[in-house]
Amino acid sequence: MLGGATVSWGSRKQNCVSMSTMEAEYVALSEAAQEAVWLRRLLDELGAEQEQPTKINEDNRSCIDFVSLDRQNKRSKHIDTRRHHAKDLCAKGVIQLGYCQTDKMVADIFTKPLGPQKINQYVADLGLVKLIKR
Numbered sequence: 245m246l247g248g249a250t251v252s253w254g255s256r257k258q259n260c261v262s263m264s265t266m267e268a269e270y271v272a273l274s275e276a277a278q279e280a281v282w283l284r285r286l287l288d289e290l291g292a293e294q295e296q297p298t299k300i301n302e303d304n305r306s307c308i309d310f311v312s313l314d315r316q317n318k319r320s321k322h323i324d325t326r327r328h329h330a331k332d333l334c335a336k337g338v339i340q341l342g343y344c345q346t347d348k349m350v351a352d353i354f355t356k357p358l359g360p361q362k363i364n365q366y367v368a369d370l371g372l373v374k375l376i377k378r
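Here the numbering used here = 1-based position in the sequence shown + 244.
Certain hints may be false.
With a straight-line cut-off of 25 Å between C-alpha atoms, the simulated DSS-like cross-links for lysine-lysine are [said to hold, decoys possible]:
{"id": "1", "residue 1": "331", "residue 2": "299"}
{"id": "2", "residue 1": "377", "residue 2": "348"}
{"id": "3", "residue 1": "257", "residue 2": "356"}
{"id": "4", "residue 1": "356", "residue 2": "299"}
None of these hints come from the bench; they were simulated from the model.
Between the sequences and the hints, there should be enough to build the whole structure, so can you do that?
See below:
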């Protein structure tokens with residue numbers, strides 16, 4: 245979100261097999277962090293440098309703890325090192341993770357089957373508008 249409007253989103257099948265939900269969330273976080281870095285560079289080139297970290301919402305507390313506590317254990321030592329980009333960006337203050345309750349995760353509109361009420365709520369939260377009347 246930038247100025248209350250959605251500027252980037254994506255949903256794709258991961259190209260790896262995850263051993264846990266935390267790992268799947270961590271892989272997605274790494275990809276989101278890459279997109280955040282690209283957007284920050286674009287804004288910088290346009291003369292709108294971002295002085296604050298880019299906030300990324302996460303609904304998996306294990307993933308947040310894994311990034312924040314900077315430790316590995318037997319359940320996470322197999323994770324590909326290129327996925328640790330998000331940890332590095334958090335440590336450098338480029339991105340900041342925030343917890344978002346699962347039932348309030350607006351990004352679910354792109355990945356989960358939702359009822360019409362939730363869809364309408366998330367469309368409004370994302371700042372999406374109809375451009376063409378039918």
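Structure-based check of each hint:
At roughly 14 Å between alpha-carbon atoms, residue 331 and residue 299 fall within 25 Å of each other, so this suggested pair holds. Of the pairs offered as hints, the one joining residue 377 and residue 348 is violated, with about 29 Å between alpha carbons and a cut-off of 25 Å exceeded. Annotation: proposed proximity of residue 257 to residue 356 holds, straight-line Cα distance about 13 Å (limit 25 Å). Taking the CA atoms of residue 356 and residue 299, the gap is about 22 Å. The hint holds against a cut of 25 Å.
Violation of the numbered hints given earlier is confined to hint 2; every other hint is satisfied by the structure.
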